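**Q** Sequence:
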Amino acid sequence: MKTGGTAILRRTLVRNRVRLGIGTVLVCLHQVAETLVPISIGVIVDRAVATGDVFALAVWLSALALLFLVLTAAWRFGARFIVVAMQNEAHQLRMEVAHRILDPRGVRTDLRAGELLSVSTSDADRAAWIADITPRAAAALTAAIGSAVALLLIDVPLGLAVLIGTPVILGLLQLAAPLITRRATDQQAAVARASAMATDLVSGLRPLRGIGAEVSASRRYRTASRDALGATLHTAKSSAVFAGVSMTVSALLAVGVAGFAGWFALEGRITIGELITVVGLSQFFIEPLGVLAGLPGFLALARASADRLALVLDAEPLLPEGSGRTLDGSELSLSGVSYRSLSAVDLRVTPGELLGVVAYRPQDAEALAALLSGQVPPDRYDGELTVGGVRLSDADLAQARRALLVEPHNGDLFSGTVASNVTAGRPGATASEVQAALSASAAVDVVDAHPEGLDHEVADRGSSLSGGQRQRVALARALVTQSPVMVLHDPTTAVDAVTEHTIAGGIADLRHRGSAGSQTTILITSSPALLSVTDRVVVLDDGTVVGEGTHSQLATENANYRQAVLR
Numbered sequence: 001m002k003t004g005g006t007a008i009l010r011r012t013l014v015r016n017r018v019r020l021g022i023g024t025v026l027v028c029l030h031q032v033a034e035t036l037v038p039i040s041i042g043v044i045v046d047r048a049v050a051t052g053d054v055f056a057l058a059v060w061l062s063a064l065a066l067l068f069l070v071l072t073a074a075w076r077f078g079a080r081f082i083v084v085a086m087q088n089e090a091h092q093l094r095m096e097v098a099h100r101i102l103d104p105r106g107v108r109t110d111l112r113a114g115e116l117l118s119v120s121t122s123d124a125d126r127a128a129w130i131a132d133i134t135p136r137a138a139a140a141l142t143a144a145i146g147s148a149v150a151l152l153l154i155d156v157p158l159g160l161a162v163l164i165g166t167p168v169i170l171g172l173l174q175l176a177a178p179l180i181t182r183r184a185t186d187q188q189a190a191v192a193r194a195s196a197m198a199t200d201l202v203s204g205l206r207p208l209r210g211i212g213a214e215v216s217a218s219r220r221y222r223t224a225s226r227d228a229l230g231a232t233l234h235t236a237k238s239s240a241v242f243a244g245v246s247m248t249v250s251a252l253l254a255v256g257v258a259g260f261a262g263w264f265a266l267e268g269r270i271t272i273g274e275l276i277t278v279v280g281l282s283q284f285f286i287e288p289l290g291v292l293a294g295l296p297g298f299l300a301l302a303r304a305s306a307d308r309l310a311l312v313l314d315a316e317p318l319l320p321e322g323s324g325r326t327l328d329g330s331e332l333s334l335s336g337v338s339y340r341s342l343s344a345v346d347l348r349v350t351p352g353e354l355l356g357v358v359a360y361r362p363q364d365a366e367a368l369a370a371l372l373s374g375q376v377p378p379d380r381y382d383g384e385l386t387v388g389g390v391r392l393s394d395a396d397l398a399q400a401r402r403a404l405l406v407e408p409h410n411g412d413l414f415s416g417t418v419a420s421n422v423t424a425g426r427p428g429a430t431a432s433e434v435q436a437a438l439s440a441s442a443a444v445d446v447v448d449a450h451p452e453g454l455d456h457e458v459a460d461r462g463s464s465l466s467g468g469q470r471q472r473v474a475l476a477r478a479l480v481t482q483s484p485v486m487v488l489h490d491p492t493t494a495v496d497a498v499t500e501h502t503i504a505g506g507i508a509d510l511r512h513r514g515s516a517g518s519q520t521t522i523l524i525t526s527s528p529a530l531l532s533v534t535d536r537v538v539v540l541d542d543g544t545v546v547g548e549g550t551h552s553q554l555a556t557e558n559a560n561y562r563q564a565v566l567r
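Residue numbering for the sequence shown follows UniProt numbering, starting at 1 and increasing by one per position.
Accuracy of the hints is not assured; some may be wrong.
Stated by the list, open to error - What follows is a list of derived Cβ distance ranges for each label pair:
1) A7 / S335: 42 to 48 Å
2) G389 / D542: 28 to 34 Å
3) N560 / Q375: 28 to 34 Å
If you're looking for bench data, these hints aren't it; they were derived computationally from the structure. All values reported here derive from a predicted model rather than from experimental measurement. Glycine included, each C-beta is placed from N, C-alpha and C at the ideal position.
Could you build all of it, start to finish, from the sequences and the hints given here?
**A** Set out below in structure tokens:
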């Protein structure tokens with residue numbers, strides 16, 4: 001269901017209506033009490049001080065003290081309800097965005113990881129401002145109406161000045177709201193782009209250092225950061241000018257009312273107590289009028305962030321629901337498949353086969369791994385991809401994920417322990433199954449190297465481990481799932497030759513010996529150690545299949561193959 005920015009703000013008010021309703025009533029009560037303070041002081045002057053009535057003075061001072069008690073309590077508890085509603089809403093929006101991003105079907109959006117992070121944090125917080133803006137608007141309007149009524153009772157022209165001047169000021173200031181909304185949207189987008197670039201650069205820091213591209217990457221980030229700074233300053237300037245103008249106009253209206261009241265007092269139209277009341281209301285009136293004048297700017301910022309939230313929440317799923325067909329078997333087949341650099345690829349992998357795929361061009365290997373991952377929607381490729389005789393796009397999504405697992409070249413680890421990372425895909429794995437996966441991936445030494453063993457802490461993204469250790473733990477995580485069909489893309493690029501041979505034998509033993517013989521494994525690699533244990537090797541070049549055979553056969557007969565894999 002489409003939401004849109006306005007609908008998100010409206011929904012926020014509806015689902016927090018109880019807390020916001022109570023909070024709004026209390027802060028409005030606070031503003032009524034605030035309005036009554038200068039009125040009470042004026043009454044005390046006229047009815048107690050001017051008359052010398054001590055008893056009346058004591059009564060009115062007691063009433064004034066009670067009034068302060070009411071306004072203090074009303075603000076304290078009203079603000080608590082409002083803040084709780086605002087924080088809960090911000091959290092709820094963050095959870096909705098996270099749920100949408102983590103939907104197994106994916107999300108069809110051009111926003112990068114850093115931009116999605118910005119949407120789920122700063123934009124969620126800003127959109128939740130509506131839970132604070134609305135009660136503030138109601139309270140400020142209550143104060144404005146109360147002040148206008150009090151001034152009308154004292155002198156009609158003074159009251160009319162407030163009743164007419166307030167909506168005129170608000171109407172004029174509202175004209176600037178669309179400009180602030182546009183600039184706030186541009187600012188958030190620029191900041192998100194800089195965040196996305198920073199995320200990409202940090203995650204790829206080691207490769208950048210390896211090719212000596214740090215200076216170029218720094219220059220690109222500096223440009224993006226300056227663009228974000230420029231957009232932020234542009235928005236801040238607009239907001240500051242808006243706030244300055246609104247406060248100045250509000251102050252001029254209040255000063256004008258107070259000035260006319262002084263003139264009326266000199267002419268005897270109002271009493272000294274009424275003059276004190278008018279002056280007090282004029283000073284007090286600046287605050288709620290300033291709040292009302294500044295609300296369009298805050299509302300514009302909240303609307304801009306809500307619009308960005310809608311970009312994610314309204315995005316269509318990347319993958320279709322599927323027809324829920326059950327996958328039966330571990331046979332994988334590609335028929336006339338074209339995707340990115342791949343062109344009319346025909347490939348059949350039989351149940352229990354350990355297949356090697358050598359792509360002379362890296363982009364072909366990347367395209368094949370991405371396609372087999374099930375993350376590519378059917379409208380983005382031609383041909384047919386089936387698992388167990390069922391089109392992958394028609395299969396039940398949860399079952400397809402269990403039946404077909406693709407471990408990418410750059411597997412991510414998560415903060416936690418070695419054990420929590422290895423069993424992330426299969427929490428119910430037994431100790432013997434975990435040990436078998438660790439042995440097959442040559443990750444036992446990662447565990448043995450630390451006194452805590454499997455309970456050794458792993459930092460976010462596995463930064464506390466070396467590149468080879470991260471790769472082996474990620475491989476163990478894949479192997480422990482025991483998926484019927486498993487695709488491993490360059491799983492040993494960060495390990496030495498001896499370890500690579502150990503892993504090759506471990507994968508073959510774990511998945512293709514004894515009871516596991518029906519499992520299918522595809523190794524997309526140019527490693528001779530891994531290819532030597534395969535049953536068959538398929539060669540890709542220029543996006544299509546150009547040859548197949550055993551590793552030894554191809555190494556003997558095909559010069560291009562020898563050049564690609566032998567090292």
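**Q** Which numbered hints are broken by the structure, listed smallest first?
**A** none
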